[in-house]
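Colleague: Please model the complete structure; the sequences and the hints are all you need to start from.
Those sequence lines, one after another, are chains A and B.
Counting along the first sequence from 1, when you hit position 437 you're at 437 in this note's numbering, and nothing is skipped either side.
Counting along the second sequence from 1, when you hit position 213 you're at 746 in this note's numbering, and nothing is skipped either side.
Keep in mind that the hints were calculated from the coordinates and are not lab data.
The structure presented is a predicted model; accordingly, all values stated were derived computationally and were not measured.
Every residue, glycine too, gets a C-beta built ideally from N, C-alpha and C.
One should not assume that every hint holds.
As the list claims (entries may be wrong) - Here are the in silico distance ranges between beta carbons for each label pair:
| # | chain 1 | residue 1 | chain 2 | residue 2 | range |
| --- | --- | --- | --- | --- | --- |
| 1 | A | L317 | B | G682 | 31 to 39 Å |
| 2 | B | N645 | A | Q384 | 30 to 38 Å |
| 3 | A | F234 | B | V630 | 20 to 28 Å |
As the list claims (entries may be wrong) - In silico contact screen, one side only, chain A against chain B (beta carbon under 7 Å); selected entries:
| # | residue |
| --- | --- |
| 4 | P111 |
| 5 | N120 |
| 6 | W124 |
| 7 | P163 |
| 8 | I177 |
| 9 | I184 |
| 10 | V185 |
| 11 | P219 |
| 12 | T236 |
| 13 | D246 |
| 14 | L249 |
Said to hold, decoys possible - Below, a list of computed lysine-lysine pairs in the DSS-like style, where the Cα atoms sit at most 27 Å apart:
| # | chain 1 | residue 1 | chain 2 | residue 2 |
| --- | --- | --- | --- | --- |
| 15 | A | K199 | B | K616 |
| 16 | A | K199 | B | K545 |
| 17 | B | K791 | B | K616 |
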Amino acid sequence: MSASQTHGHAAAHDHHDEHGPAKGIMRWLTTTNHKDIGTLYLVFSLIMFFTGGAMALVIRAELFMPGMQLVDPQFFNTMTTVHALIMVFGAVMPATVGLANWMIPLQIGAPDMALPRMNNFSFWLLVAAFSLLILSLFMPGGGPAAGWTLYPPLVLQTGDAFPLAIFAIHLAGASSIMGAINIIVTIMNLRAPGMTLLKMPLFTWTWLITAYLLIAVMPVFAGAVTMLLTDHFFGTTFFAAAGGGDPVLYQHIFWFFGHPEVYIMILPAFGIVSEIIPTFSRKKLFGYDAMVYATASIAFLSFIVWAHHMFTVGMPLAGQMFFMLSTMLIAVPTGVKVFNWTATMWKGSLTFEPPMLFALAFLFLFTIGGFSGLMMAIAPADFQYHDTYFVVAHFHYVLVPGAVFAIMAAVYYWLPKWTGHLYDMKLANWHFWLSTIFVNLLFFPQHFLGLAGMPRRIPDYSTQFADWNMVSSIGAFGFGLSQLLFVYIIVKCARGGAKASDHVWEGAYNHGLEWTVPSPAPYHTFEDAPVVK
Amino acid sequence: MAHAQTAHDAGKYYIPHGSKWPIVGAVSLFVMMLGAAALLNGVNVAPFIFWAGFASVLFMFYGWFGTVIGESQAGMYNAGVDKSFRMGMMWFIFSEVMFFAAFFGALYYARNLSVPWLGGEGAKYLSNLFLWQDFEPTWPTNGPAAVGGAFETIPAFGLPAINTAILLTSGVTITIAHHALQAGNRGLLKIFLGLTFLLGFFFVYLQATEYAHAYHELNLTLGSGIYGSTFFMLTGFHGLHVTIGAIMLVVIWLRVMKGHFTPKHHFAFEAVAWYWHFVDVVWLGLFIFVYWL
Numbered sequence: 001m002s003a004s005q006t007h008g009h010a011a012a013h014d015h016h017d018e019h020g021p022a023k024g025i026m027r028w029l030t031t032t033n034h035k036d037i038g039t040l041y042l043v044f045s046l047i048m049f050f051t052g053g054a055m056a057l058v059i060r061a062e063l064f065m066p067g068m069q070l071v072d073p074q075f076f077n078t079m080t081t082v083h084a085l086i087m088v089f090g091a092v093m094p095a096t097v098g099l100a101n102w103m104i105p106l107q108i109g110a111p112d113m114a115l116p117r118m119n120n121f122s123f124w125l126l127v128a129a130f131s132l133l134i135l136s137l138f139m140p141g142g143g144p145a146a147g148w149t150l151y152p153p154l155v156l157q158t159g160d161a162f163p164l165a166i167f168a169i170h171l172a173g174a175s176s177i178m179g180a181i182n183i184i185v186t187i188m189n190l191r192a193p194g195m196t197l198l199k200m201p202l203f204t205w206t207w208l209i210t211a212y213l214l215i216a217v218m219p220v221f222a223g224a225v226t227m228l229l230t231d232h233f234f235g236t237t238f239f240a241a242a243g244g245g246d247p248v249l250y251q252h253i254f255w256f257f258g259h260p261e262v263y264i265m266i267l268p269a270f271g272i273v274s275e276i277i278p279t280f281s282r283k284k285l286f287g288y289d290a291m292v293y294a295t296a297s298i299a300f301l302s303f304i305v306w307a308h309h310m311f312t313v314g315m316p317l318a319g320q321m322f323f324m325l326s327t328m329l330i331a332v333p334t335g336v337k338v339f340n341w342t343a344t345m346w347k348g349s350l351t352f353e354p355p356m357l358f359a360l361a362f363l364f365l366f367t368i369g370g371f372s373g374l375m376m377a378i379a380p381a382d383f384q385y386h387d388t389y390f391v392v393a394h395f396h397y398v399l400v401p402g403a404v405f406a407i408m409a410a411v412y413y414w415l416p417k418w419t420g421h422l423y424d425m426k427l428a429n430w431h432f433w434l435s436t437i438f439v440n441l442l443f444f445p446q447h448f449l450g451l452a453g454m455p456r457r458i459p460d461y462s463t464q465f466a467d468w469n470m471v472s473s474i475g476a477f478g479f480g481l482s483q484l485l486f487v488y489i490i491v492k493c494a495r496g497g498a499k500a501s502d503h504v505w506e507g508a509y510n511h512g513l514e515w516t517v518p519s520p521a522p523y524h525t526f527e528d529a530p531v532v533k
Numbered sequence: 534m535a536h537a538q539t540a541h542d543a544g545k546y547y548i549p550h551g552s553k554w555p556i557v558g559a560v561s562l563f564v565m566m567l568g569a570a571a572l573l574n575g576v577n578v579a580p581f582i583f584w585a586g587f588a589s590v591l592f593m594f595y596g597w598f599g600t601v602i603g604e605s606q607a608g609m610y611n612a613g614v615d616k617s618f619r620m621g622m623m624w625f626i627f628s629e630v631m632f633f634a635a636f637f638g639a640l641y642y643a644r645n646l647s648v649p650w651l652g653g654e655g656a657k658y659l660s661n662l663f664l665w666q667d668f669e670p671t672w673p674t675n676g677p678a679a680v681g682g683a684f685e686t687i688p689a690f691g692l693p694a695i696n697t698a699i700l701l702t703s704g705v706t707i708t709i710a711h712h713a714l715q716a717g718n719r720g721l722l723k724i725f726l727g728l729t730f731l732l733g734f735f736f737v738y739l740q741a742t743e744y745a746h747a748y749h750e751l752n753l754t755l756g757s758g759i760y761g762s763t764f765f766m767l768t769g770f771h772g773l774h775v776t777i778g779a780i781m782l783v784v785i786w787l788r789v790m791k792g793h794f795t796p797k798h799h800f801a802f803e804a805v806a807w808y809w810h811f812v813d814v815v816w817l818g819l820f821i822f823v824y825w826l
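Modeller: Encoded structure:
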């Protein structure tokens, strides 16, 4: 795929109205520019990553030794709850939305996102949502502490934080839905001539499918938390057996949202890795079409597996069988992806720049998380794993060295395109190795703890779990501190450095149109649509 | 058409440069939701915060839509922008469908699974055996503890059937209005569009009388167990959507009166019409699954 567009088109329009960014704070408050909004999302996500990370460190500090050490159990529960809400809705999702904002218009040759004002609204609504959530921490009765899944009846005991947390979810959901609509419309309506669907870069493809998932399930989540709200304040009994309702109903509705939600976090990561591995293998992606169909299959399957999160609630046997088998089916399209990434590297001319290192770590470590997922998909085995640290280890493997590593890979991959500078590769390598070693030190022992029976969401534990908890906590602090390096590298790169070429990476020739615009990408790109041959 | 201030090439996809409305909207919604939370927590000043936020949300809608309408009238939106708006509206309606799906799902689950289980059917007979031995699973029900006390339900073929007729008629009138718009018959357009929102508000009025009847005479309230919960949440959210849809109809009717829309260029009209058909279809689902069966 190539663009017939010549470089330097930005200079082609001499006097268009108000074309530079506005000055000062108003630029960021009122911007409708996809690059500005992408940057806002990414910076917001980084701040939330450290906020949620600090909460994780409170958890790991408490768990460093058996016995009650630092915080009271209620606050510990608040930390587990809000850490998860922040990381899911405040860090991982906004990071991938930020990448989508920056890269989708550049990859498909669009002048901007299709609905630029709504794009700004999506971002600032997210800030409003997280302001409410953070505020809820300071309410009488403490912050939300029933776990991020907000299961009734426990969650109904939350104090004054309760409505704030619920409304935070409503606003974050509205933000996600509008963001998803924008992404779908941009991709379906603003592709450059010749950029057919099956020529689109995989990052764009995975985001298109992710956006459909978002629109389908965020409203369901909004409905679920609305029922919690009315159960708490207005006397409904959706989740109370006394009135004919059922607490398990909440779990069904929640996980109907929650399972697609985990793919909302990982599909864009799949897209990122599918961009990076070919570049540093200097080959085309192996099995492009299969990758697209596999992504779509995973998205479809994500709607019919939700009850594997609740095998122990006492579901009818037929339900357990169905959800067990449909869950295992996901291994097929996921396997297609893993094998295709591997086959892309086969006989490739590999180099190991930081984006490739993160992508490779993703490949190995995400797969470990996938395998532990398969173990838990087996309903009778899950009776043993359920609510133990094994589950914690599983989803952190797919989320941290999975989604988060892919996001870091994407930042290292596209940062020179955004800033026009190359970053400090040596430091980035340090960042990679420290992160990879510590993340395994952090999460791998949690498999052992879980298999030995340590329950999750507990501030104290039996002494036989002491050793591995200490190792895990050391890993946590190591991983957390290593991320300061990430910030330093980004800030340093934004401020200056060796000039990046338009192409940035020598292998980045057969992918999206982002490599046809100058580095740094001008404020406005593709005002005249390029033609893709 | 487009003047110097917005020297815009009509052949190009229009990209606005900076807008204050989204940030106004985000701040307003923050204040409104903060006020709503404070209201629920019984804080004194809460109503003031909530209504201040609500008023600024209305101000944002007025300003934002006003800007967009102005740009549309100035001819700044080409076919590409029009298509984006259409797709955006379509997916917005889809998200609304999924919101209602959550509540319909709850209704289905309660009627077909959890209530029979509480009555001792299937794999979950233990809760019946140990907790609610005397519970007879019937529908409607307010559960084994008879939450909210005995209540009666609203028969489908009374007011709800009349409401069904009203909404279906309004679906016809808006279609006649649309055909009139396309044929350039503005007189007919004004009458039938006006008729549509009048029918819409009449529907809302009848729903309100039905609610008053339910609360005062039938003892059917939001707190009447799972039946009351599903009944009022489903019909309540639907009524809210009809109200919003009727207000949208009024807005486009006022625009018609001002001479907006051409036979070929009338996205806002169609968007509102789609939305109206959507609330219509949801109502049919309600009529069948909530009132009738």
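Colleague: Determine for every hint whether it applies to the structure shown.
Modeller: Verification of the hints:
1. A:L317 with B:G682: 31 to 39 Å: Hint holds: Cβ distance 38 Å, inside 31 to 39 Å.
2. B:N645 with A:Q384: 30 to 38 Å: 31 Å, holds
3. A:F234 with B:V630: 20 to 28 Å: Taking Cβ atoms as reference, A:F234 and B:V630 lie about 24 Å apart, which means the hint holds.
4. P111: 6 Å, holds
5. N120: With a minimum Cβ separation of about 4 Å from chain B (threshold 7 Å), the hint on A:N120 holds.
6. W124: Holds. Min distance 4 Å.
7. P163: Holds - the Cβ of A:P163 comes within 7 Å of chain B, reaching about 4 Å at its closest.
8. I177: 5 Å, holds
9. I184: 6 Å, holds
10. V185: Holds: closest Cβ of chain B sits about 5 Å from A:V185, inside 7 Å.
11. P219: Holds: closest Cβ of chain B sits about 4 Å from A:P219, inside 7 Å.
12. T236: 4 Å, holds
13. D246: 4 Å, holds
14. L249: 5 Å, holds
15. A:K199 with B:K616: 22 Å, holds
16. A:K199 with B:K545: Holds, at roughly 24 Å.
17. B:K791 with B:K616: Distance ~24 Å between B:K791 and B:K616 Cα, so the pair holds.
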